[in-house]
Amino acid sequence: MTAADSGTETHTATCTCGSFRLKVRGAPERVYACACLECQKATGSAFAYRALYSKQAIVFDEGDKRRFRRITDTGRWMDQVFCPNCGTLIYMEAEVIEDKRVISIGCFGEPDFPRPASIFWSRRRHDWYQLDEDIVAVD
2 MTAADSGTET HTATCTCGSF RLKVRGAPER VYACACLECQ KATGSAFAYR ALYSKQAIVF
62 DEGDKRRFRR ITDTGRWMDQ VFCPNCGTLI YMEAEVIEDK RVISIGCFGE PDFPRPASIF
122 WSRRRHDWYQ LDEDIVAVD
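Residues in the sequence shown are numbered from 2 upward in steps of one, following our numbering.
Just to be clear, a hint being listed does not mean it is correct.
Straight-line alpha carbon distances no greater than 25 angstroms define the calculated SDA-like cross-link-like pairs of lysine to any residue that follow [what the hints assert, rightly or not]: (1) 24 x 38; (2) 42 x 111; (3) 24 x 10; (4) 42 x 26; (5) 101 x 115; (6) 66 x 46; (7) 24 x 107; (8) 24 x 66; (9) 42 x 31; (10) 66 x 118; (11) 56 x 112; (12) 101 x 64; (13) 42 x 9; (14) 24 x 98; (15) 56 x 75; (16) 101 x 79; (17) 66 x 119; (18) 24 x 62; (19) 56 x 31; (20) 42 x 11.
Listed next, with one range per pair, are the computed distances between beta-carbon atoms [as the list claims (entries may be wrong)]: (21) 110 x 75: 13 to 21 angstroms; (22) 9 x 71: 16 to 24 angstroms; (23) 87 x 24: 14 to 22 angstroms; (24) 115 x 95: 18 to 26 angstroms; (25) 87 x 112: 18 to 26 angstroms; (26) 9 x 67: 26 to 34 angstroms; (27) 63 x 119: 26 to 34 angstroms; (28) 55 x 78: 18 to 26 angstroms; (29) 18 x 111: 16 to 24 angstroms.
None of these hints come from the bench; they were simulated from the model.
Keep in mind that this is a model prediction, so the values were computed, not measured.
Even for Gly, the Cβ is constructed at its ideal location relative to N, Cα and C.
Can you make the complete structure from the sequences, with help from the hints?
Given below as structure tokens:
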């Protein structure tokens, strides 16, 4: 994926077993990482690496999926959407951004996907992870 994406290029995210697919058109609105404790638990990693897309960018969304809804510290809902067969967390939806989907970048399988411009909850990141100068730490 390049900055020259014309908006007609498509990208397909799949779960590990391949039974769930989500296709989006164009470049993401934002690429970010999040090191909050909830993202660490949801991904089983030190942080989440995600791409924000408008729901209008979704070409198709097919296959079985399940939702895990949690209520945030501010009292709003946030859904983690995952494959019921393999457990892969495909995307997230949240009350504060109801017209968006936040897709797990690893599900695209594209090693040249843009790097994150920012990392949220950077104070929660693991000590071994040092930020590059151009990634904005948001706490």
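We went through each hint and held it up to the structure:
no. : hint                         : result
1   : 24 x 38                      : violated, 28 angstroms
2   : 42 x 111                     : holds, 23 angstroms
3   : 24 x 10                      : holds, 10 angstroms
4   : 42 x 26                      : violated, 29 angstroms
5   : 101 x 115                    : holds, 19 angstroms
6   : 66 x 46                      : holds, 21 angstroms
7   : 24 x 107                     : holds, 14 angstroms
8   : 24 x 66                      : holds, 15 angstroms
9   : 42 x 31                      : holds, 22 angstroms
10  : 66 x 118                     : violated, 29 angstroms
11  : 56 x 112                     : holds, 24 angstroms
12  : 101 x 64                     : holds, 19 angstroms
13  : 42 x 9                       : violated, 34 angstroms
14  : 24 x 98                      : holds, 19 angstroms
15  : 56 x 75                      : holds, 24 angstroms
16  : 101 x 79                     : holds, 12 angstroms
17  : 66 x 119                     : violated, 29 angstroms
18  : 24 x 62                      : holds, 7 angstroms
19  : 56 x 31                      : holds, 14 angstroms
20  : 42 x 11                      : violated, 29 angstroms
21  : 110 x 75: 13 to 21 angstroms : violated, 34 angstroms
22  : 9 x 71: 16 to 24 angstroms   : violated, 36 angstroms
23  : 87 x 24: 14 to 22 angstroms  : holds, 19 angstroms
24  : 115 x 95: 18 to 26 angstroms : holds, 21 angstroms
25  : 87 x 112: 18 to 26 angstroms : holds, 21 angstroms
26  : 9 x 67: 26 to 34 angstroms   : holds, 32 angstroms
27  : 63 x 119: 26 to 34 angstroms : holds, 31 angstroms
28  : 55 x 78: 18 to 26 angstroms  : holds, 19 angstroms
29  : 18 x 111: 16 to 24 angstroms : holds, 19 angstroms
Hint violations for this structure: numbers 1, 4, 10, 13, 17, 20, 21 and 22, all remaining hints satisfied.
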